[in-house]
Amino acid sequence: MLQAFILTHIELFELGYRILFFGSLGYLVTEYLLVPLYREYVRK
Amino acid sequence: MFGSEIQQSKVLKWALGALIFQYFINFYWWATSTVGTLESVRQFTYVCPRFFQQCQELYFLDTLPYGYSQTTFYLFLLGLLAYIVYLMQQGRWQLATIVTVIPFVWHTLNVFILTGVRDGNYQYYVFIFGFTLLFLQHKEFFLKLFVVFFYFLSTVAKTHPGWIAGTYFSTLELGLPLVPDALIPVATNVVIMMEMVGAWFLLSRNLLYQRLALFFFIFFHLYSSILVGWHYPSIVLPMVLLLFGPLYRYTVPPIDRAAITGWLVAALLLCMQFIPVMIPGDEKLTLEGNKYGLYMFEANHQCQSEVVVTYHNDSTLILNNDSNNAPHRCDPYDYWFDITRQLCEGDSLVKTVQWRFDHSINGEPFLRIVDETNICEREYKPFSRNEWIKSHEDNPEVIGPAPKNVYY
Numbered sequence: 000m001l002q003a004f005i006l007t008h009i010e011l012f013e014l015g016y017r018i019l020f021f022g023s024l025g026y027l028v029t030e031y032l033l034v035p036l037y038r039e040y041v042r043k
Numbered sequence: 000m001f002g003s004e005i006q007q008s009k010v011l012k013w014a015l016g017a018l019i020f021q022y023f024i025n026f027y028w029w030a031t032s033t034v035g036t037l038e039s040v041r042q043f044t045y046v047c048p049r050f051f052q053q054c055q056e057l058y059f060l061d062t063l064p065y066g067y068s069q070t071t072f073y074l075f076l077l078g079l080l081a082y083i084v085y086l087m088q089q090g091r092w093q094l095a096t097i098v099t100v101i102p103f104v105w106h107t108l109n110v111f112i113l114t115g116v117r118d119g120n121y122q123y124y125v126f127i128f129g130f131t132l133l134f135l136q137h138k139e140f141f142l143k144l145f146v147v148f149f150y151f152l153s154t155v156a157k158t159h160p161g162w163i164a165g166t167y168f169s170t171l172e173l174g175l176p177l178v179p180d181a182l183i184p185v186a187t188n189v190v191i192m193m194e195m196v197g198a199w200f201l202l203s204r205n206l207l208y209q210r211l212a213l214f215f216f217i218f219f220h221l222y223s224s225i226l227v228g229w230h231y232p233s234i235v236l237p238m239v240l241l242l243f244g245p246l247y248r249y250t251v252p253p254i255d256r257a258a259i260t261g262w263l264v265a266a267l268l269l270c271m272q273f274i275p276v277m278i279p280g281d282e283k284l285t286l287e288g289n290k291y292g293l294y295m296f297e298a299n300h301q302c303q304s305e306v307v308v309t310y311h312n313d314s315t316l317i318l319n320n321d322s323n324n325a326p327h328r329c330d331p332y333d334y335w336f337d338i339t340r341q342l343c344e345g346d347s348l349v350k351t352v353q354w355r356f357d358h359s360i361n362g363e364p365f366l367r368i369v370d371e372t373n374i375c376e377r378e379y380k381p382f383s384r385n386e387w388i389k390s391h392e393d394n395p396e397v398i399g400p401a402p403k404n405v406y407y
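Those protein sequence lines, which keep their order, are chains L and X. The numbers in numbering that gives the first Met the number 0 rise by one with no breaks, and the one at position 39 of the first sequence is 38. The numbers in numbering that gives the first Met the number 0 rise by one with no breaks, and the one at position 142 of the second sequence is 141.
Here chain X stands alone, though its shape is the one from the complex (with noise of 0.2 Å):
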């Protein structure tokens, strides 16, 4: 399992390479950050997964300036990523591997247990090629399969008038880079049709073909870091280019008992994606299961809480918060989990606390999603509907139109 592929394959140490950069990526960027530490229990900024709402019982690292501990920690991470680049260098790929487990696990642990706010779609990646690279066999080809059935299954969230009609992109007040506002709606709808179906020719024997959904993803990502930044093309393209590029060769699925793991995990991706869509109501509305599967550029989003806090003596605190960046995803549950820690568990002297919520998607009017006398009194179900957050079928408040929006 461990290593012994990869030692064969010029394809797979090239992507254990670009494994170890992207966690290089990632590491940096998490040394010095307050997520995941100490401080954010006890600032109350943190926000664990949904499924697992006591994430923080597990934290034990504390960063600049209160403590040592987690660059001390990252310390370590970054020597073993450069003693496994030596490990590399020296050609002993099956230690190299085995040692690749550590950032692995650490990976998998910040974005899917610690943490509700670091599993960008972008981490997905990261840990699906790592998985495949340190557990499956068959490697090369379920590394390819895996980078073309994301695109496929990145469309579930995309069927949506946001990208159909393009409504993500036309209310945002400097509309879609370096594309006329009359042709957003072709560019969208381009991007569907080649994420649906053009992206399967990346797998195809006909080199013709292949070479253009490359030079079509290629384009792709490089266009799309106007918008997202250089963080999400970094972890996608070399992993792209390794394995569609100069080096390509078809592959024969596999079929063998070996390949069932690989398959299985891809079947389990694919139930995973329709998690949002078999809770009722709208998911770009509710954000209910919506991380569940690949959600980048679901909806355009734009919000606007008030909070109303009732002290034990009668006083009364208002607390405002408003969005209009589009990619925040206004997730109630991520208000609701604040609310809920910092004021309802975290301060003795509140009695109640009202929360209105107000969500546009798409530059649709403002709809009052969630509106509790006590907000305190409910709880969050991960995996099913809430009845306290309304989508469109509960008719909520409809509170005035949205105004063009902004990303950042």
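So here's chain L without its partners, still in its complex pose (with noise of 0.2 Å):
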């Protein structure tokens, strides 16, 4: 059953959402604000 499969594998799902978390978190600080920041430096 898939619920036991990841009760088994807790620690290891819990341990790729928080990776997915900071990365996606770090993806958009990225593209919502250095990028912007960076091309406004740029263009000055």
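Rather than coming from a laboratory, the hints here were simulated on the basis of the structure. Careful, some of the hints might be misleading.
[Stated by the list, open to error] Listed below are several chain L residues computed to face chain X (Cβ distance under 10 Å; list not exhaustive): (1) Ala3; (2) Leu6; (3) Leu19; (4) Phe20; (5) Leu24; (6) Leu36; (7) Val41.
The beta-carbon is built from N, C-alpha and C at its ideal position, and this holds for glycine as well.
Make one complex out of these two single chains by using the hints.
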């Protein structure tokens, strides 16, 4: 059963989601904040 | 600041209307509630926020049948909401925005300062929508960002077996609505993935991805009403439709000085979400710091409380209180607050109060997380570990298996 499999490997799943969370956050900070800031810096 | 951006934007005009609707929904319930009233102090039914445990000193209203002051006060608020709608209809957006500060302040006081029981997650949305519309610049961008960011931040609370394995729902007697038990982990992981990654497509330039994400979240909010009722979807869904529906246009991320406050608010929300994680122990079990970030559906709770009151004449009274209602958080703070106010401070005949509190999350066995011979001697620290509340690391006594429970 899928639930039993996940519970057996729960630490792996939690680690995966944590990596995805911070990866997603990092990508978005880059996309929405750092890249626009860099473009503005180059334009000036 | 007040109204000039709103005056020029159809989306923001509608958003202000949605905010007034949100205040109406809340005040409709609050007008006749005893929460936050003088009667709640007399009856010891009030609970203060954990970081402001003397909130009752600010109470000044009484409601029916104990007094007319609260319903009279809400008459004023109802008139004010109607006046704001009138101003909007007249196109006087600047004045409408200024007047909206009054319901914003009252709502904020109620949710964060005056009581500890009106802090449902949907109220965090109402607060941030109001704050953005009234005080921030680049309002449309930040409204969109905060809606998406809230989806994203909610996954911090969901990174737990209750959601990853779906035990929150599989331990309910009725399971997850319309989903076979075997597919519960699939459904819960789809939600986590969409909130963690898919939600950002709501801000996309690519209209196909943007629309797919929008349809998912419309479905998600409508579906959620089977469990949570209409209150939460009524607050979030109108704003989602306004910001990401037919009126959607890609908004360039602002990076000027006027945007600094908005970005700082986003950073603050991120930090707040991690307060419960930073406090040692499993916050789903101890509930310490739980409400400083988004906590909706963080765990399926069951608990049993046994209080033994010993009076100065050595007579005893036993008070039992059980809950098998999954969304009832079984927060030791709420019980501690009630016991200490009502028994330790409110009854001079009481000598000691013994308290045992067993808590089960997501169908796991009941653990005795509080076992105090006199809880009156304990204080509750709002931002750090309370050593009298046990987490898994403290090896709390295992009391027994938890039965399947219900959600209502």
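Hint by hint, here is what the structure shows:
Satisfaction of the interface hint for Ala3/L is found here, the shortest Cβ-Cβ separation to chain X being roughly 8 Å, below the 10 Å cut-off. About 5 Å separates the beta-carbon of Leu6/L from the nearest beta-carbon of chain X, less than 10 Å, and the hint is met. About 6 Å separates the beta-carbon of Leu19/L from the nearest beta-carbon of chain X, less than 10 Å, and the hint is met. Taken as an interface hint, Phe20/L checks out: its beta carbon lies about 6 Å from the nearest beta carbon of chain X, inside 10 Å.
With a cut of 10 Å, the hint placing Leu24/L at the interface with chain X holds, because the nearest CB-to-CB distance is about 8 Å. Interface hint status for Leu36/L: upheld, as the beta-carbon distance to the closest one in chain X is roughly 5 Å, under 10 Å. The beta carbon of Val41/L is not positioned within 10 Å of any beta carbon in chain X (closest approach about 13 Å), and the interface hint is therefore violated.
In this structure, the one hint that does not hold is number 7.
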